[in-house]
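Asks: So the sequence lines, in the order shown, correspond to chains V and A.
Here the first sequence is numbered in the working numbering, starting from 1 and rising by one per residue.
Here the second sequence is numbered in the working numbering, starting from 1 and rising by one per residue.
Hints are not guaranteed to be accurate.
[Said to hold, decoys possible] Selected chain A positions facing chain V (in silico; Cβ < 8 Å):
(1) Gly245
(2) Glu246
(3) Arg394
(4) Thr469
(5) Glu473
(6) Lys479
[Stated by the list, open to error] In silico BS3-like pairs for lysine-lysine, Cα to Cα no more than 27 Å straight-line:
(7) V:Lys78 x A:Lys517
(8) A:Lys517 x V:Lys47
(9) A:Lys242 x V:Lys83
(10) A:Lys510 x A:Lys474
(11) A:Lys242 x V:Lys78
(12) A:Lys510 x V:Lys47
If you are wondering where the hints come from, they were derived from the structure by calculation, not from laboratory data.
Yeah, the Cβ is synthetic: ideal placement off N, Cα and C, and Gly gets one too.
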Amino acid sequence: MPDQNAIMAATKSFILSEFLEGEDPDELTEDVELISSGILDSLATLKLVTHLENTYDIKIEAHEADEDNLNTLVDIAKLVASKL
Amino acid sequence: MTPLHRFLEESAARRGDHVAIVAPSGRSIAYAELDRLADRVRDRLVAVGVGRGDRVGLFVHKSIDTIAAIFGILKAGAAYVPVDASAPAARGAFILDDCGVKACFVEGAAAQALADELAQKGASPRLFEIETPDDGSSLARCLDRCDASEGPAATRRSAEVGPDDLAYVLYTSGSTGKPKGVVLSQRNATCFVDWCSDVLEPREDDRFSSHAPFHFDLSILDIYTAIKHGATLVLIDEEVGKRPGELAAWIERTGITIWYSAPSILTMLVQHGELANRDHSQVRIVCFAGEVFPVVHLRSLKQLWPGKRYLNLYGPTETNVCTWYEIPAVVPEDRKDPYPIGPVCAHLRAIVVDPDGREVARGSEGELCIAGPSVLERYWNLEEQTAKAFLPDRTDDRWYRTGDLVREDADHGYIYMGRRDRMVKKRGYRVELGEIEACLYQHPEILEAAVVALPDEAAGVLIRAHISTKNGEKLSLIKLKKFCSERIPVYMVPDGFSFHALLPKTSTDKVDYQRLKSSA
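With the rest of the complex left out, here is chain V (with noise of 0.2 Å):
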């Protein structure tokens, strides 16, 4: 089972890659703000949950999808390793 450093890992380089093609690996820290800064837009949102969901086989409820649960890397890969 993937810790929280490894869902980090690999949800950053989805980001980056999906999200902000040709950003400085490094500019992504894992506290820089994803949802209240523009990064992710709603729609880019709705594609990370897609993502999580079919990454880790897990379900992220509608009402979790929100700044509160997704806004940082640290955030994120706790709401899924707590669904692991």
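Let chain V serve as the given structure and place chain A on it in line with the hints.
Replies: Same frame as chain V, now just chain A:
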């Protein structure tokens, strides 16, 4: 003319026990109670010196508190200025200062940031803090605190306002980098609401959706048509409104019967809302406006939601809805062209003109211009832009230039062809690409910035910024997006950035936008 606040007073007198508003939490308020709360707002505003012609700001998310404040402001004879409470406080403070609000209702979480920004501008409107807006109780407590510290406010009568009195000022994206305020009067508002009555034929058991935020002109239909007819207004939380699964559940649970939103929201519901698993049979009218609805998604929606009226409404904030088209019962399988925006509304007149302002032959392409009682009074404090917004040299009427290119079809009214300037619609939001460029030029490292919009099936458009930097090095996308999100609303933040040594130029040394568009 019946002023807007009378809609509430008359419905409260007629059916005081009926539910007027459902809040995002599911809690609700009846007409009589809503009217009493709005009366208290009026009395407090009058006590602090607000009167006819004044402006009062709203920096609050959608809630029963907000609606009560709106009607209280109108009862005091003032105009309300709703500001995007999700946007940076600096932008809100600019708007509130620009139109010189005398007072402002502000959400607890944003109160300090807004007060600081206003103080920096030397503005000091009276701030009313609504801690946690939802079911009206926060507003009531705010008024209680005023009563306790300043003594009870005397009971007043609602102001006697006429058709020329201001009702609200709605700020839209401005091409020069500053939002501009569209000034709308009681006449502008009420003639539009009367038109809604004629077309929608609302019933007292209708439940109107309120999807658009209140600084968006779509909200005028939702709020005032519902209240005028003593129906129920169902507020949709702005975050839920972006999440298709939850939104579909909310529509079912609250029994919405008349829907109104930008098409992109309906597209999102079709694609991700699992509509086939929901019972939305109670919805009877679906209105959409703000951008083109791709036929492929409209067809899917009609299959998932059969047996309803579908109305394509068109109009900028400056006129509200000015043309409309009822989608036929069957959308043919082979239809690819979007539906027309339709004929002009009964209370307005339309002409199509060439770049010199001369009417074109019927059926030729040109700019749509609108005259009649819903056409804006002016832009706030922008005389030059106001003058440019109307056709010059016409003595017969004030013809507002929409900036939209159309051609007239003999059978179906107007067909939308495109824009004559750099305004685009993204998910129904009006975006001036120039405002984004002005934001980027504030960045200390940026030498040149040019922003283009590219068509996109899901979002309507994607916004891409082309940039050259002073030291020739790329900037971090994350830092750039963060920089933008602190200055402009999130929906205006570019989706992508491209870096150039220098931006391509035309032979006259202007930025070559055509080349940037095709390169992206």
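Asks: Does each hint fit the structure? Answer for all of them.
Replies: These are the hints, each one checked on the structure:
no.	hint	result
1	Gly245	4 Å, holds
2	Glu246	4 Å, holds
3	Arg394	42 Å, violated
4	Thr469	14 Å, violated
5	Glu473	11 Å, violated
6	Lys479	7 Å, holds
7	V:Lys78 x A:Lys517	40 Å, violated
8	A:Lys517 x V:Lys47	26 Å, holds
9	A:Lys242 x V:Lys83	24 Å, holds
10	A:Lys510 x A:Lys474	23 Å, holds
11	A:Lys242 x V:Lys78	23 Å, holds
12	A:Lys510 x V:Lys47	38 Å, violated
In this structure, the hints that do not hold are numbers 3, 4, 5, 7, 12, in rising order.
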